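The hints should help you fit chain Z onto chain W, whose structure is shown.
The primary structure of each chain is shown beneath.
2 protein chains.
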Amino acid sequence: MSEKYIREKRRMELIGLEIPVISEGDNLGIEYLADLLSSYSLRDGDIVVVAETLISKLEGNTVKKEDVKLTPLAYELAEKLNKPPEVVQVILDEAKEIVKIGDGFIITETKHGFVCANSGVDESNIKDGIKPLPEDPDRSASILREMIERKTGKRIGVIISDSIGRPFRRGACGVAIGVSGISALWDRRGERDLFNRPLKSTEVAIGDELASAASILMGESNEGIPVVIVRNAPVPFGDGKGKDLIRSKEEDVFREDR
Amino acid sequence: MSEKYIREKRRMELIGLEIPVISEGDNLGIEYLADLLSSYSLRDGDIVVVAETLISKLEGNTVKKEDVKLTPLAYELAEKLNKPPEVVQVILDEAKEIVKIGDGFIITETKHGFVCANSGVDESNIKDGIKPLPEDPDRSASILREMIERKTGKRIGVIISDSIGRPFRRGACGVAIGVSGISALWDRRGERDLFNRPLKSTEVAIGDELASAASILMGESNEGIPVVIVRNAPVPFGDGKGKDLIRSKEEDVFREDR
Chain W
160 MSEKYIREKR RMELIGLEIP VISEGDNLGI EYLADLLSSY SLRDGDIVVV AETLISKLEG
220 NTVKKEDVKL TPLAYELAEK LNKPPEVVQV ILDEAKEIVK IGDGFIITET KHGFVCANSG
280 VDESNIKDGI KPLPEDPDRS ASILREMIER KTGKRIGVII SDSIGRPFRR GACGVAIGVS
340 GISALWDRRG ERDLFNRPLK STEVAIGDEL ASAASILMGE SNEGIPVVIV RNAPVPFGDG
400 KGKDLIRSKE EDVFREDR
Chain Z
160 MSEKYIREKR RMELIGLEIP VISEGDNLGI EYLADLLSSY SLRDGDIVVV AETLISKLEG
220 NTVKKEDVKL TPLAYELAEK LNKPPEVVQV ILDEAKEIVK IGDGFIITET KHGFVCANSG
280 VDESNIKDGI KPLPEDPDRS ASILREMIER KTGKRIGVII SDSIGRPFRR GACGVAIGVS
340 GISALWDRRG ERDLFNRPLK STEVAIGDEL ASAASILMGE SNEGIPVVIV RNAPVPFGDG
400 KGKDLIRSKE EDVFREDR
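Protein chains in written order, with the numbering used here: chain W, 160 to 417; chain Z, 160 to 417.
So that you can see chain W by itself, here it is in the shape it has in the complex:
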């Protein structure tokens, strides 16, 4: 080895933003956030990552305890799951399928297709409601992106993020449940590495990696950072969707009853 060097090749920045605390009763709408973000100096290519909790609150997507229609199954599972029957009912209402259930836990496939604990429903009540995931995170991402692009004239990407547990590995990680304006699943088949070999991984979950990166700054919602701007990420513009990151039951070798 004749030359010994180390040099900076690429720099990416993540900027954690604080905004006024929003409650689920405020019903401010996505436009409120688009206004706030448009007043920040966004640049072309910035990727705006927003915590799903904030989106659900802006969209007023909460269920009031007294509006929950309880079924016998919710009562039956309430004890097993150690949760109020109303919360269990919302978990069931949000689920397409129960994937695993046991003492104190329930893992479902949500109506969106995400496999996660509690259908992504916040376990604790939020003032006067139970908070499911946003109704259609890809649509929310797309609306937010279009509003910001119209207001600022900048071309940006948007990710709606959540934090979920995983088989095989401990701890929660950020994932992208809604995506707009960029690739979510980056298909790199056909590309070659430095030694001209085919790449080891051909499909990169770039949306989830961006959500995980943002999650480092967001923390677990006590940091007061519900929005993170990712600047200079080497991610292609595109029409990626959060749905692209969902492995269908049929192609998932870890789903038991395919």
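It is worth saying that the hints were derived from the structure and are not from the lab. A few of these clues could be false.
Note that identical chains are pooled: a pair holds if it fits in a single copy or bridges any two copies.
[As the list claims (entries may be wrong)] Below, in silico cross-link-like pairs of lysine-lysine (BS3-like), each with a Cα-Cα straight-line distance of 25 Å or less:
id, residue 1, residue 2
1, 313, 259
2, 168, 310
3, 224, 255
4, 310, 163
5, 313, 270
What you are looking at is a predicted structure, and each value in this text was computed from that prediction instead of being measured.
Using the frame of chain W, we list chain Z on its own:
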């Protein structure tokens, strides 16, 4: 809402570094990388993320095709997996257990405890060898961290990263297989959110989130960025290990024969 503001609360930077291309025959040792990194202007609190491929190459952890002792099982599986029997044998040698196997794929639990495809063994030959994961990524991380700290006087963290596929979600994501100097699994039990509610997720896979963030710049090894510095990450110093992120078979509801 009387006040309408948006402000920067936290900024984190990722710096992708280029170093001379290293081949597996070079046997340069971890100290070579420690020297290179110590010549870069590291700061206190920087987290150095290194791709596992680079570590394996530095440590000379490759198996020569002619040294592989083939068993009947390797021959039997070679066709099913569409891989050379030597590669299959190394995959089996690296495995503690076969978790799932099917046409064209094998998912194992490696001797380290990672559940991943092909025991993390690089599928293609690398010049004259087959490349397993580093022997003990936590040890490698610790050696690299201590060398750099001794040479620079800075307190840093080190992560050895890999990129793996997952159940339920498509695409590969960065994960931390070796960790030193920082928390890997961040236990946030007992903390409360902005509304004084218990946190939704109490254990954060911060090591994996950092590896995913770095992976955005590393790409799939054709970017020539095997090392990423994460600067200003709000991650506590600690004695975290890559092993902390492994969910044991017994506590994993997705392992069939617990």
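- Query: Which numbered hints turn out to be false for this structure?
  - Reply: 1, 5
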